[in-house]
Amino acid sequence: MNLPVHLKTPTRAPVYALVGNPNCGKSTLFNGLTGLKQKVGNYPGVTVERKIGTAYSQHGQPMTLIDLPGTYSLAARSPDEAVTRDVLLGSRDDTQMPDRIVCIIDASNLERNLYLVNQIFDLGRPVILVVNMMDLATAAGLQIRIDRLEKDLGIPVIAAQASKGVGLIELKLTMSRVDLPLPKHRWDVPAAISASVAELQASLQNNDGKPPLIARAEALLLLTDQNPVRVAGSQPLSDRTSVILDQWEKRWNADGTDWSGSLVAARYDAIGILTANTVLQQETHGMRQSRLDRIDGIVTHEVWGWTVLGAIMSALFLSIFTLAELPMGLIESSVSALADWVKSQMAAGELRDLITDGAIAGVGGVVIFLPQILILFFFIGLLESTGYMARAAFIMDRLMNRVGLNGKSFIPLLSSYACAIPGIMATRTIEDPKDRLVTILVAPFMSCSARLPVYLLMIAALVPSGEVPIFTKVGLMLLMYGLGTCGAFGFAWLFKRTLLRGEPPPMIMELPPYRMPRIKDVFMQMIERGSLFLKRAGTIVLAISIVLWALTAYPNAGESATPAEQVAQSFAGQAGHAIEPIIKPLGFNWEIGIGLISSFAAREVFVSATSVVFNVEEDEENTAPLLQALRSATWPDGRPLFTPLVCLTLMVFYVFAMQCISTVAVVRRETNSWRWPLFQIGYQTGFAWLLCLVIYQSGTALGF
Amino acid sequence: MSDTVPLSKLSVGSSAVLREYPKSGTAFLRLREMGMLPGTRLTLVRTAPMGDPIEIKVRGYNLTLRKSEADHVIVEPESAA
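Protein chains in written order, with our numbering: chain H, 64 to 767; chain U, 224 to 304.
Chain H on its own, in the form it takes in the complex:
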């Protein structure tokens, strides 16, 4: 019983937490320690990524490693940080409290990194300190005395360069040790607030049931920030503790004590003493530093900054459309080959149709976008790991600020021009939950690549080629992209003023030094995010594809019916008829209605759906027969259906309406409820209808 805590050996495999500031190389270290033995998911109830891996000790014993979201402080200000705090304080039921903690810090930036370490020492757990990026520190002229750090802190300190694997073996050896010492933790709680720490600690022990050291650590965090962020799974404070906290605050506010400031200052004072003994600033050659500063000067320059941003984005979109073409073709042909194979193996019948036309075709329609999605994930990962992402946010902040967002919403919105799915998944870097939600809500307005086939078909129907100059067509296309962009910013502005009212979020962001990205890490992240998307959207997409298929296949018109007749009398056809009164004011008839309904699978399905409806043999390469059919389509009274005005209205409808089940599925996952995706379907489609009504009715009145 008298054994010191640190000598007690856990009987099971020890659980380690990996903690550090953002941009300190934590993910690289985690990948290096665990290899491919990782499980990625979500913490229940919050959209915070949960990464748990297994590393093996030198003796082959498994060790569990939890990669906690990066944070500057345990006084949490975002859902990610709240999870890090809760796991470390052992207050999440879904995650075991770590036995030991590996802190990773950036050697070139010791003071700020040590602030988090100082807070972690409060927890009274064995800590291993990894001083990463030793090369950068050396380049900056900093000499860090690891031995002295070890002596002053009383814990193992490992010099590392995670990107090159330096220090990994030493770390594994240390992690394998049965005994790990507790840190020598010298810092003085300011006298003015020490009484409050004791009182809060006592209350947290007695009323919230916390162990003594954890109670003290939590008391100190509450005094740093009295309103920390809590998420699903966080434990609320007991009433008694809240009352004590409020009383102290009132007293200090009255006598002018800056309690939070003095607490932070006291930690930095302790860090100052530590670094004075362990860090030597030498003459810098400054070569590397000045070169990087020059790059930064260009990248954020008022002329060149935009040029660089424009060039990178053009390269991104160019590669999405060119590189994705080949794999998309391959996926398309293998999906149809699979469907043909199933057809050849099974007897004709409804089950076969369900499998081939429903499940395979439906899922194939989503998987076909996977190459684009993966390329986008790759680029986003590359931009993040080089440090350029922060610069793009820096120069875009002013513009985003005008609609009440901050620079971090820029990349997610931009990605949505290719596909809203990676865009929405990339919003996880936005800390403020309201901002993140606003960005998710408006992202689908950006014209994604699935809308292109619809625009192309409608533009071709609208302006017969050969008769009008090419730039009329290009102009129309740009108009659609512009409309979507204005819609996104307009609604972001509106939401920030009404539904999700809030101060514009502050733009506090570190501009990390430029780094060569580790392609392996970027690839791993890309695969991880891609499979996450497939796992999350897969089931919903499969279910809805089958429903959509059933809508066109039933009731069965019989063997002799043509596909067009079948569709016309199916549920989808009936639905088309049923919604005709609603869409007639927009100039759309029931046949277009079928196209709109089918588009919920994915927007580009409109083209194939209208081919079926108008009884045209589907042919991707040659849309001339379809165009011919569209031009000769009429209302029952003989008026032409696809007038130029209708084509234009239809395009506008596709710009604004929410018609993509994969996006709905991803929004459902990212917001953790059906509320927001349903709202999104409602407001986007409602707005699309309203706008189209205005366009069609005023166009008709003007005689078009």
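Source of the hints: derived by calculation from the structure; they are not laboratory data.
There's no promise every hint is true.
[Stated by the list, open to error] List time: in silico SDA-like cross-link candidates among lysine to any residue, alpha-carbon distance up to 20 angstroms: (1) U/Lys232 / H/Asn316; (2) U/Lys246 / H/Pro291; (3) U/Lys246 / H/Leu205; (4) U/Lys246 / H/Asn316; (5) H/Lys313 / U/Pro245; (6) U/Lys280 / H/Leu205.
[Said to hold, decoys possible] If you want the ones that stay clear, here's a sample from chain H, every Cβ over 10 angstroms from chain U, calculated: (7) Val111; (8) Arg140; (9) Glu174; (10) Glu213; (11) Gly272; (12) Thr287; (13) Gly324; (14) Lys559.
Note that the coordinates shown come from a computational prediction; the quantities given were computed from them, not determined experimentally.
All C-beta atoms in this analysis are idealised placements derived from N, C-alpha and C, irrespective of residue type, glycine included.
Got chain H sorted already, so can you dock chain U onto it with the hints?
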């Protein structure tokens, strides 16, 4: 003691010592935890192309914040000499 100015008025490239800092406000809490304390030395590195936000160097790393926050942070510029 020379005159103090808000951080947002500091000229690009010049260094200053932080003197006065707001006691409350979420943004200021976080900035303080990231090392902006009275007595801390910082340098204004640049402003974004449209004048806002600004980029400063503090405790060896680069940090960006908006002018609306920088207005409330009072610094004492180091003499150019």
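Against the structure, the hints:
{"no.": "1", "hint": "U/Lys232 / H/Asn316", "verdict": "30 angstroms, violated"}
{"no.": "2", "hint": "U/Lys246 / H/Pro291", "verdict": "16 angstroms, holds"}
{"no.": "3", "hint": "U/Lys246 / H/Leu205", "verdict": "33 angstroms, violated"}
{"no.": "4", "hint": "U/Lys246 / H/Asn316", "verdict": "10 angstroms, holds"}
{"no.": "5", "hint": "H/Lys313 / U/Pro245", "verdict": "17 angstroms, holds"}
{"no.": "6", "hint": "U/Lys280 / H/Leu205", "verdict": "16 angstroms, holds"}
{"no.": "7", "hint": "Val111", "verdict": "18 angstroms, holds"}
{"no.": "8", "hint": "Arg140", "verdict": "6 angstroms, violated"}
{"no.": "9", "hint": "Glu174", "verdict": "5 angstroms, violated"}
{"no.": "10", "hint": "Glu213", "verdict": "22 angstroms, holds"}
{"no.": "11", "hint": "Gly272", "verdict": "28 angstroms, holds"}
{"no.": "12", "hint": "Thr287", "verdict": "7 angstroms, violated"}
{"no.": "13", "hint": "Gly324", "verdict": "6 angstroms, violated"}
{"no.": "14", "hint": "Lys559", "verdict": "16 angstroms, holds"}
Violation of the numbered hints given earlier is confined to hints 1, 3, 8, 9, 12, 13; the remaining hints are satisfied by the structure.
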